[in-house]
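Participant: I would like the entire structure built from these sequences, with the hints used as guidance.
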Amino acid sequence: MTRQRLRSIIFWSSVALALLLMLLPLPSFLESFKPYWPALVLVYWALESSDMVGLGLAFCVGLAADILYGVMLGEQALRLCVVVFLVLRFRARLRFFPMWQQALAVFALMLNDRIIEAILLGFAGMHLPPPAYWVAPAVDALVWPFLFLLLDDVRARLRAHEA
Amino acid sequence: MTLNRDGGTLFSAGMAGTLRLLGYLALASVLMVVDHRGHWLPKVRYAAAIVVEPIYQLAGLPASGLRAARVAFADRRMLTEENHKLRVDLLLANARLNHMEAVSRQNRRLKQLLDTRRQLGMKVQLARVIDLDLGAFRHRLMLNVGTRQGVKVGQAVIDSRGIMGQVVQVLPDTCTVMLVTDPDHAIPVTDARTGMRTVAYGSHVAGQLVLPTIPVSADVRVGDELLSSGLGGRFPPGFPVATVTHVEPQVSGMFLVARAKPVADLDRSDEVLLLRDLAPPAGPPAPASVDGPPSAWAPAPAMEPGTHRRRP
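These protein sequences, in sequence, are chains E and Y. Numbering-wise, our numbering puts 140 at position 140 of the first sequence, and it's gapless, one number per residue. Numbering-wise, our numbering puts 49 at position 49 of the second sequence, and it's gapless, one number per residue.
Everything labelled a hint here was simulated from the structure, so no lab data went into it. There's no promise every hint is true.
[What the hints assert, rightly or not] Which chain Y residues stay away from chain E? Per the calculated CB distances, all over 10 Å, these:
#1 His36
#2 Ala48
#3 Ala63
#4 Lys85
#5 His99
#6 Pro172
#7 Pro183
#8 Gly238
#9 His246
[Unchecked claim] The calculated label-pair distances, taken between Cβ atoms and stated as ranges, are:
#10 Y/Pro183 <-> E/Leu20: 45 to 53 Å
#11 E/Pro131 <-> Y/Arg221: 40 to 48 Å
#12 Y/Ser252 <-> E/Phe123: 22 to 30 Å
For every residue, glycine included, the Cβ atom is placed at its ideal position computed from N, Cα and C.
Facilitator: What follows is the structure in structure tokens.
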């Protein structure tokens, strides 16, 4: 019971932190390289405890992100749904990948996500993003191992602390 | 246990998952279309302001904390240097102000001569920039004033050097400003040297304006100052907007294309001014309603008996 609650606390705070991180200002030359934090965090939780993350939750987190800093209502909801769906579908395989393969998979996921975003922005009649925008998936893949280890560590520590 | 979930009835689970994905995708698409048509997002954001605004403030904290820390830990030499620089700036500004005052006095005289009825008194409101990243390729700022401080959509935003942009969205205590460099933004300008009028658009390249429709015969040179022309009624006339940095013929050869650098300090401004008075709308003034004789001819209203009696 308490373990469940502990886990949900970590989960929700990590999601909230991811949303805040997206709002954090960066120097303008770094802006295009900003990782898509909410997606990374959701990927982690979808891999580690798939009973917490479903499409509905991805949709809700996406809506919250849209309200906070979105261009259109529903855009990030759609993107996060696609990401989480793909992870859940290939979860059994992804979980047992070594770290570098996982990072590659994250790269592919995020590249796919960027393509979807570009298409959606195109449909909405907005300008296509600058070339640097396509570098972000690589940054996502680089950040992934650290995020994974960090969240794993936090969870392990809290579990040990509780026991 | 979780592993069993993945195995087992893999096929049916996959089908159900796909169907649910399709459902959510459809829902998201409907939302996007509705939002695109009806511009829902600002309304939803406004409704959720009670939750959203504290989050914005929270996300802005690290930046303001850094600023505070810089002030607290800046060493003496740096402060002295900055102080010196500010003193020089102040002197310069004062000199300029004196000059401006003389010009303004002359202007007032001329205006009185011309029997201008309205005095150009400009009301401004000071606002602080909340440091937030509202998307990598959207040139927006967030300010710490909103509906409660009387901000309206369409107000021009300036800093000490020139025009920065205009308010596009207002929440109770914050508002969003579209900068002049936003690809969706356009501002009518005149060339200060030649008086040529054109329109400056935002561009994809950060910190650059594009003037794509200059006649080939026009005289535009690198270094020309562009002032707001006041056409269209959004921005007041005569404020510096940008300086021309490149001029080249368009690919088709029909027009010249100029690139310009905004004068306002778009990246670094901490404090900005919101012009309070919206520029008067373009077009002829509203017709004065003259029904019947002037009110001056009306007979003085009769004193009401009740008020009369009560008076000592």
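Participant: Hints first: check each against the structure and report whether it holds.
Facilitator: Evaluated hints:
Y/His36, annotated as away from the interface, has a beta carbon of chain E within 10 Å; the closest lies near 6 Å. The claim that Y/Ala48 is not at the interface with chain E is violated, since a C-beta of that chain comes within 10 Å of its own (minimum 6 Å). Not every CB of chain E lies more than 10 Å from the CB of Y/Ala63, the least distance being 6 Å, so the non-interface label is violated. With a minimum CB-CB distance of about 23 Å to chain E, Y/Lys85 clears the 10 Å threshold, and the non-interface call stands.
Listed as outside the interface, Y/His99 is consistent with that label: its C-beta sits roughly 35 Å from the nearest C-beta of chain E, beyond the 10 Å cut-off. At roughly 15 Å, the least C-beta separation between Y/Pro172 and chain E is larger than 10 Å, which holds for a residue marked as non-interface. Remark: the non-interface label on Y/Pro183 conflicts with the geometry, its nearest Cβ contact in chain E lying 5 Å away (cut-off 10 Å). Y/Gly238, annotated as away from the interface, keeps every beta carbon of chain E farther than 10 Å; the closest lies near 29 Å.
In this structure Y/His246 is separated from chain E by more than 10 Å, as the shortest Cβ-Cβ distance comes to about 19 Å. Judged by the Cβ atoms, the range 45 to 53 Å given for Y/Pro183 and E/Leu20 is violated: they are separated by roughly 27 Å. Between E/Pro131 and Y/Arg221 the Cβ separation comes to about 31 Å, which falls outside the hinted range of 40 to 48 Å. Checking the proposed 22 to 30 Å range against Y/Ser252 and E/Phe123 shows it holds: the Cβ atoms sit about 29 Å from each other.
Of the hints listed earlier, those the structure fails to meet are numbers 1, 2, 3, 7, 10, 11, in rising order.
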